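The primary structure of each chain is shown beneath.
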Amino acid sequence: DPKIIQKPKYLVAVTGSEKILICEQYLGHNAMYWYRQSAKKPLEFMFSYSYQKLMDNQTASSRFQPQSSKKNHLDLQITALKPDDSATYFCASSPGAGGVSNERLFFGHGTKLSVL
Amino acid sequence: TQTVSQSDAHVTVFEGDSVELRCNYSYGGSIYLSWYIQHHGHGLQFLLKYYSGNPVVQGVNGFEAEFSKSDSSFHLRKASVHWSDSAVYFCAVSAGSSGNKLIFGIGTLLSVKP
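Protein chains in written order, with this note's numbering: chain A, 1 to 116; chain B, 1001 to 1114.
A few of these clues could be false.
Here are the computed lysine-lysine pairs in the BS3-like style, where the Cα-Cα straight-line distance is at most 25 Å [to be verified]: (1) K3/A x K112/A; (2) K71/A x K9/A; (3) K3/A x K82/A; (4) K1049/B x K41/A; (5) K112/A x K7/A; (6) K3/A x K1113/B; (7) K19/A x K9/A; (8) K41/A x K71/A; (9) K1069/B x K40/A.
Calculated from the structure, these hints are not laboratory results. The structure presented is a predicted model; accordingly, all values stated were derived computationally and were not measured.
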């Protein structure tokens, strides 16, 4: 059973629209993250949350907004979608607070977003 | 600023061969180094990590990696690969002060032929 659930697995959107990527983890972890994997680029850190509070934000655009309604949820809202946003978005979690540096990350299977 | 370089985009070996996947990093301070594996269509899975102590660290499924400060490297090795080891391998670093913000390399695709 996957312990980190990302929905949907595939998502097609039109330019200018808004989408929400869902992430729930059932590992009892306190820290959650979003990473993006674009074609032919390294996996890129976007956000980290600890106890539902934003710890770090490396995404320049305000079009990307994480939303944490519960400790085990970290959704990603993307507005005014552009073709360059096409990527696979991975949610991850780790046991402790986000400030601990040597924790292994547990990744979901990803949401592949295609913006036409 | 930390950077990670994986010089081999694609490595092909036969089942039973040994393999070394290379990773070089640049950063002046204390860092954490790790390797992750990604099978096609799946998320990344942790293999192993290093911060201090014995420079050779053991991971899952017979993988090990060796840290070298002089070479700024953290190469991944396996003595005898299996076809199921075919996947993309990512090296990652994080600075001691950056929490779990991992900086990933571009990845190395390992293809294991029967």
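Each hint tested on the structure:
For the given pair, K3/A sits about 19 Å from K112/A by alpha-carbon distance, which is consistent with the 25 Å threshold. Restraint check for K71/A and K9/A: the C-alpha separation of about 22 Å stays at or below 25 Å, so the hint holds. Distance check on the hinted pair: K3/A and K82/A sit about 30 Å apart at the alpha-carbon level, beyond 25 Å; violated. For a cut-off of 25 Å, the pair hint linking K1049/B to K41/A stands: about 22 Å separates their Cα positions.
For the suggested pair K112/A and K7/A, the alpha carbons sit about 10 Å apart, so the restraint of at most 25 Å is met. Our distance criterion of 25 Å between C-alpha atoms is broken by K3/A and K1113/B, whose separation comes to about 31 Å. For the hint pairing K19/A with K9/A, the CA-to-CA distance comes to about 13 Å; that is within 25 Å, so the pair holds. With a C-alpha separation of about 30 Å, the suggested pair K41/A and K71/A falls outside the 25 Å cut-off, and the hint is violated.
At most 25 Å may separate the alpha-carbon atoms for a hinted pair to count; K1069/B and K40/A exceed this at roughly 28 Å.
Checked against the numbered hints given earlier, the structure breaks hints 3, 6, 8, 9 and satisfies all the rest.
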